[in-house]
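Heads up: the protein sequence lines correspond to chains C and P, in order. Throughout the first sequence, residue numbering follows our numbering, covering 1 to 591 in sequence. Throughout the second sequence, residue numbering follows our numbering, covering 1 to 138 in sequence.
Hints are computed from structural coordinates only; laboratory data are not their basis. Among these hints, one or two may not hold up.
To be verified - Pairwise CB distance ranges (calculated):
1) C/63 - P/58: 29 to 39 Å
2) C/234 - P/32: 53 to 63 Å
3) C/166 - P/48: 16 to 26 Å
As the list claims (entries may be wrong) - Quick list of in silico lysine to aspartate or glutamate cross-link-like pairs, EDC-like style, CA-CA up to 20 Å:
4) C/64 - C/103
5) C/186 - C/165
6) C/392 - P/38
7) C/143 - C/100
8) P/113 - C/524
9) C/521 - P/38
10) C/521 - P/97
11) C/148 - C/92
12) C/521 - P/127
13) C/148 - C/196
14) C/392 - P/106
15) C/143 - C/92
16) C/76 - C/100
17) C/521 - P/129
18) C/148 - C/299
19) C/76 - C/190
Using N, Cα and C, we set each Cβ at its ideal position, and we do this for glycine too.
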Amino acid sequence: MPRTSNHTLNLSRSSFLVAAFIFVSLIGASLPVPLRAEASPQLQSTSTPTPQPTPTFDLQRLEKPVVAPDNSEQLKKGSEIYWGICMACHGDVGQGLTEEWRDAFGTEDRNCWQSECHGPDHPPQGFLIPKDKLAPGVAGSSKLTRFKNAQELHDYILANMPWWDPGQLTTEQTWQVTSYILSLHKVMPDRFELTETNASAIRTQSAVPQPGDDQPALVLLTGILALTGIGMVAQDLRRNRVRPPERPNFVHHLHPPSIPALQARFRYTLGAGGLAVFLCLILLVTGILEMFYYIPVPEHAAVSVEVITSLVPFGALTRNLHFWAAQALMIVVSIHLLRVVLTGAYARHRRLNYLIGLGMLVLVLLLDFTGYVLRWDEGIRWALIVGTNLLKTVPWIGDWLYQLVVGGPEPGLSSLERFYTWHIFVLTLAMIILGGWHIFRVRRDGGVAVPPPDQRKDNVRISRFDLVRREVLVMLIAGVFLLFVSTFFPAPIERPITQAAVDIENARAPWFFLWVQQLLKIGDPFFWGVASPIILLLILGLLPYVLPQTGDNELGGWFPRGNRIAQIIVIAATLLLIILTILSITPTAQL
Amino acid sequence: MKNISRRDFLKLSTNSLLALAGLLGIGGLIRYLSYQADPTPQSEFDIGPAVDYPSNSRTVLAYIPAIIINDEDGLRAISLTCSHLGCAVEQRNFGFECPCHSSRYDLNGVVLKGPAAADLRRLRVVESEDGNLRVFTI
Numbered sequence: 001m002p003r004t005s006n007h008t009l010n011l012s013r014s015s016f017l018v019a020a021f022i023f024v025s026l027i028g029a030s031l032p033v034p035l036r037a038e039a040s041p042q043l044q045s046t047s048t049p050t051p052q053p054t055p056t057f058d059l060q061r062l063e064k065p066v067v068a069p070d071n072s073e074q075l076k077k078g079s080e081i082y083w084g085i086c087m088a089c090h091g092d093v094g095q096g097l098t099e100e101w102r103d104a105f106g107t108e109d110r111n112c113w114q115s116e117c118h119g120p121d122h123p124p125q126g127f128l129i130p131k132d133k134l135a136p137g138v139a140g141s142s143k144l145t146r147f148k149n150a151q152e153l154h155d156y157i158l159a160n161m162p163w164w165d166p167g168q169l170t171t172e173q174t175w176q177v178t179s180y181i182l183s184l185h186k187v188m189p190d191r192f193e194l195t196e197t198n199a200s201a202i203r204t205q206s207a208v209p210q211p212g213d214d215q216p217a218l219v220l221l222t223g224i225l226a227l228t229g230i231g232m233v234a235q236d237l238r239r240n241r242v243r244p245p246e247r248p249n250f251v252h253h254l255h256p257p258s259i260p261a262l263q264a265r266f267r268y269t270l271g272a273g274g275l276a277v278f279l280c281l282i283l284l285v286t287g288i289l290e291m292f293y294y295i296p297v298p299e300h301a302a303v304s305v306e307v308i309t310s311l312v313p314f315g316a317l318t319r320n321l322h323f324w325a326a327q328a329l330m331i332v333v334s335i336h337l338l339r340v341v342l343t344g345a346y347a348r349h350r351r352l353n354y355l356i357g358l359g360m361l362v363l364v365l366l367l368d369f370t371g372y373v374l375r376w377d378e379g380i381r382w383a384l385i386v387g388t389n390l391l392k393t394v395p396w397i398g399d400w401l402y403q404l405v406v407g408g409p410e411p412g413l414s415s416l417e418r419f420y421t422w423h424i425f426v427l428t429l430a431m432i433i434l435g436g437w438h439i440f441r442v443r444r445d446g447g448v449a450v451p452p453p454d455q456r457k458d459n460v461r462i463s464r465f466d467l468v469r470r471e472v473l474v475m476l477i478a479g480v481f482l483l484f485v486s487t488f489f490p491a492p493i494e495r496p497i498t499q500a501a502v503d504i505e506n507a508r509a510p511w512f513f514l515w516v517q518q519l520l521k522i523g524d525p526f527f528w529g530v531a532s533p534i535i536l537l538l539i540l541g542l543l544p545y546v547l548p549q550t551g552d553n554e555l556g557g558w559f560p561r562g563n564r565i566a567q568i569i570v571i572a573a574t575l576l577l578i579i580l581t582i583l584s585i586t587p588t589a590q591l
Numbered sequence: 001m002k003n004i005s006r007r008d009f010l011k012l013s014t015n016s017l018l019a020l021a022g023l024l025g026i027g028g029l030i031r032y033l034s035y036q037a038d039p040t041p042q043s044e045f046d047i048g049p050a051v052d053y054p055s056n057s058r059t060v061l062a063y064i065p066a067i068i069i070n071d072e073d074g075l076r077a078i079s080l081t082c083s084h085l086g087c088a089v090e091q092r093n094f095g096f097e098c099p100c101h102s103s104r105y106d107l108n109g110v111v112l113k114g115p116a117a118a119d120l121r122r123l124r125v126v127e128s129e130d131g132n133l134r135v136f137t138i
C-alpha cells in the first residue's frame with residue numbers, strides 16, 4: 001500500500017480515529033452501561049458519531065456488537081469492552097488485524113503502520129504495532145491455540161492486554177471480555193458466567209456441551225422425598241404403630257426379629273449410628289459417580305473437578321452431596337462417640353467395639369483429609385505441604401514415612417496418585433470391613449446398651465418392621481436435608497495449583513484439623529502436631545479400660561453415675577477442641 | 001524344650017514360617033511403596049544478570065521461592081520457605097510472616113517469633129561465566 005499523497009487529509013482522519021477510539025474506550029471503561037442503550041437505536045447512533053462516509057468505510061461493522069438478549073450479563077459487558085478496546089486491532093469477529101478488517105476502516109486508514117498512525121513517528125498518545133507481530137485473530141479455527149482453557153486466556157489478557165497499557169483491565173472486566181472472545185470463538189456455553197472456579201473447565205479448542213439447569217429437577221426430587229416422609233409419618237399416626245404381619249424382606253432380615261423399645265429411643269441413641277451408615281452409603285454412591293470424571297493427575301485434577309461441578313449434568317449435585325455427606329459424617333460420628341461415652345455404653349464386653357469405633361473415627365479423618373487433597377487446587381496446597389512435612393518431624397522414621405505417603409521428594413504426581421488410591425480404595429475398603437465388624441459386634445454384644453431384662457422399667461419390644469420403617473423415615477429426613485443443602489450451597493473449589501508460590505489466599509487447614517493448626521502455632525511441630533492428637537486418641541481408647549464403668553442398671557440413659565470421670569474428660573476435650581478451632585479462625589492483629 | 005511333642009513342634013514351625021513369610025511380605029510391601037517415581041525438584045535457578053538487582057533492592061522471586069537482597073551487606077538470597085512446616089512466608093514491614101502458623105522473621109530472615117525455631121535459610125548465590133546469577137536451594 002503506497003503512502004497517500006494527500007497528507008493533511010490523512011492526518012485529520014487519523015486524529016479523528018484516535019479521538020473516536022479514546023471516546024469508545026472511555027465508554028467501555030465506564031461500565032455498567034445501561035441495557036437500554038443497547039436496545040435503543042437513537043442512543044446508539046449518538047454514542048458513535050458518524051464520520052464522513054467513504055466508499056469502502058463499512059460503518060455498520062464498526063458499530064457496537066449486538067449480543068443475543070439471553071446471554072449472561074458478563075458477556076454483554078464483555079462485548080462493550082471488546083468493542084471499545086480490543087476490536088480495532090483484533091477485528092469485529094475476532095479475525096485479527098487482517099487486510100479484510102483493515103479495509104473496513106476506509107481507504108486511507110488501511111495501513112496501520114504508516115507514518116502518524118502506528119508508524120515510526122506516531123502521535124504523542126499513540127503507540128507502535130510491530131508489523132512482524134500482527135495483532136492475532138482471537139476467534140475461528142486454529143486460533144487461541146496457546147491457551148488450553150478460559151482460565152489461561154484470562155490470565156494472559158489480564159497481564160498483557162491492552163497492548164499499549166497492560167494491566168488497565170480489572171479481573172472482573174477481564175472475565176467479561178474473555179467471555180465475549182470465547183463466544184466469538186464459538187466455545188462459550190450460553191448463559192454461562194465465567195469465574196475462577198469454573199474457567200478451567202471451558203476449553204478453547206472445542207466447545208463443551210451446553211450445561212443444563214439442574215435446579216428444577218432437584219427441587220422436584222426433594223419435594224417428592226419430603227412428601228413420602230410426610231406420608232409415612234401420617235400412616236404411623238393412623239395405625240398407631242399396629243401393623244398387619246408382613247413377610248420380611250431382605251432388609252428386614254438384616255435386623256433381629258424384635259428389639260427392646262428402649263434400644264430404639266431417639267433421645268437415647270440420637271440415631272447417630274444409623275445416620276452414619278446412611279451417610280456412608282451416600283458417600284459410596286456419589287464417590288463412584290465422581291470417579292467417572294475425576295482425573296488423578298496434577299494438571300487435570302482440579303480442572304476435572306471443575307468439569308464435574310459446572311458442566312456435567314447433576315455433577316454439581318453429585319459433588320455437593322459427596323462433600324456435605326462427608327462433613328456431616330464427621331459431625332455425626334463425633335456425636336456418636338460422645339453419646340457412647342456420655343451414656344457409659346462402652347462398659348465391659350462392649351469395649352472391643354468401642355475400639356473398633358475409634359479406629360473408624362481415624363479412618364473418617366483420613367478419608368476426609370485425602371478427599372480434600374484430591375481437589376488439588378490452591379485451597380489445599382498449604383494444608384498438604386504442612387500435613388506431609390509434619391510426617392518428617394517424627395523421630396527416626398519421619399523421612400521414611402514422608403516418602404511412603406508423598407511418594408517423591410515433594411508433593412506432586414506421585415502424591416496425588418497415592419492419595420487417590422488411599423481415598424478410593426484402601427481407606428474405603430478398611431472402612432467397609434471395620435464398619436461391617438462394628439455393626440456385627442453391636443448385635444453380638446446384645447444390641448444397643450440397655451439394662452438386662454430383669455432390671456428394665458419397660459419391657460416393650462418393637463418388631464423389625466417398625467425398626468426398618470423408622471430407619472427409612474430418618475433416612476428420608478436426612479436425605480431431604482442433604483439434597484436441600486447440596487442444591488443451594490456449593491462445595492468449595494479454587495483455581496488449579498500453579499507452579500509459583502504466590503499470594504497465599506487460603507492457608508487454613510480443613511475445618512476438622514483447624515485445632516491442630518492452632519496447636520502448631522505453640523511450638524515444636526512433632527509434639528503439638530503429631531504427638532498431641534495421638535495422645536488424645538490414646539486417652540479416649542483407654543477410657544473403658546482404666547476408669548470405673550457404668551453399672552448394668554444404669555445403662556440406657558444419659559450421664560450415669562458410675563462413669564463420671566470419663567464424662568468429664570470427654571466434655572473437657574470437646575470444649576478444648578472447640579476453643580482451639582475458634583481461636584484458629586479468629587484473625588490476629590497484623591503489624 | 002525336651003518334652004515338646006511332635007504335633008507342637010510342627011505347629012510351632014509352621015507358625016514361625018508363616019510369621020517369617022508375613023514379615024518378608026511386609027518388608028517387600030514397604031520397599032515397594034518407598035520407590036521414588038517423581039524426578040528430583042529443581043535446585044538451581046538462573047536468575048539473570050546482577051544488574052537486575054541494584055543496590056538497596058529487595059526482589060521476590062516467587063518461583064524459587066526466595067528474596068534477593070542487595071544492601072550494604074552485599075547481595076544475598078534468602079529462602080521464603082518457612083523453617084517450621086514449609087509454607088511460603090509473606091512480606092510484612094517488619095520482615096516476613098508465615099500465613100500458616102504465624103511465625104515471624106525480621107528483614108534478614110532471623111526469627112522474631114515462633115513456632116519456627118530456625119531462621120529463613122540463606123541460599124547460595126554464584127555468578128556463572130555467562131554473567132548470570134545462579135541460586136542454589138540445596
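We went through each hint and held it up to the structure:
1. Separated by about 50 Å at the C-beta atoms, residue 63 of chain C and residue 58 of chain P break the suggested range of 29 to 39 Å.
2. Look at residue 234 of chain C against residue 32 of chain P: about 59 Å separates their beta carbons, and that is inside 53 to 63 Å.
3. Taken as a hint, the range 16 to 26 Å holds for the pair residue 166 of chain C and residue 48 of chain P, whose Cβ atoms sit roughly 21 Å apart.
4. Restraint check: the Cα-Cα separation between residue 64 of chain C and residue 103 of chain C comes to about 18 Å, which is no more than 20 Å; the hinted pair holds.
5. Among the hinted pairs, residue 186 of chain C with residue 165 of chain C is inconsistent with the structure: their alpha-carbon atoms are about 27 Å apart, more than 20 Å.
6. Distance restraint check for residue 392 of chain C and residue 38 of chain P: the Cα-Cα separation of roughly 18 Å lies within the 20 Å cut-off, and the hinted pair is therefore satisfied.
7. With a CA separation close to 17 Å, the supplied pair residue 143 of chain C and residue 100 of chain C stays within the 20 Å bound.
8. Between residue 113 of chain P and residue 524 of chain C, the direct Cα distance comes to roughly 13 Å. Compliance with the 20 Å bound is thereby established for this hinted pair.
9. Restraint check for residue 521 of chain C and residue 38 of chain P: not satisfied, since their Cα atoms lie roughly 31 Å apart, outside the 20 Å limit.
10. A distance of roughly 12 Å separates the Cα atoms of residue 521 of chain C and residue 97 of chain P; the hinted pair therefore holds under the 20 Å criterion.
11. Using a Cα cut-off of 20 Å, the hinted pair residue 148 of chain C and residue 92 of chain C is violated, with the two alpha carbons roughly 23 Å apart.
12. The hinted pair formed by residue 521 of chain C and residue 127 of chain P fails the criterion: a straight-line CA distance of about 38 Å is larger than 20 Å.
13. For the given pair, residue 148 of chain C sits about 15 Å from residue 196 of chain C by alpha-carbon distance, which is consistent with the 20 Å threshold.
14. Among the hinted pairs, residue 392 of chain C with residue 106 of chain P is inconsistent with the structure: their alpha-carbon atoms are about 26 Å apart, more than 20 Å.
15. The straight-line distance between the Cα atoms of residue 143 of chain C and residue 92 of chain C is roughly 15 Å, inside the 20 Å bound, and the hint therefore holds.
16. Taking the CA atoms of residue 76 of chain C and residue 100 of chain C, the gap is near 26 Å; set against the 20 Å cutoff, the hint is violated.
17. Pair hint residue 521 of chain C plus residue 129 of chain P does not hold up; C-alpha atoms about 44 Å apart against a cutoff of 20 Å.
18. Under the criterion of a C-alpha separation no larger than 20 Å, the hint pairing residue 148 of chain C with residue 299 of chain C is consistent with the structure, at around 11 Å.
19. Note on residue 76 of chain C and residue 190 of chain C: the hinted pairing holds, with a Cα-Cα distance of about 12 Å set against a maximum of 20 Å.
Consistency note: the structure conflicts with the earlier hints numbered 1, 5, 9, 11, 12, 14, 16, 17.
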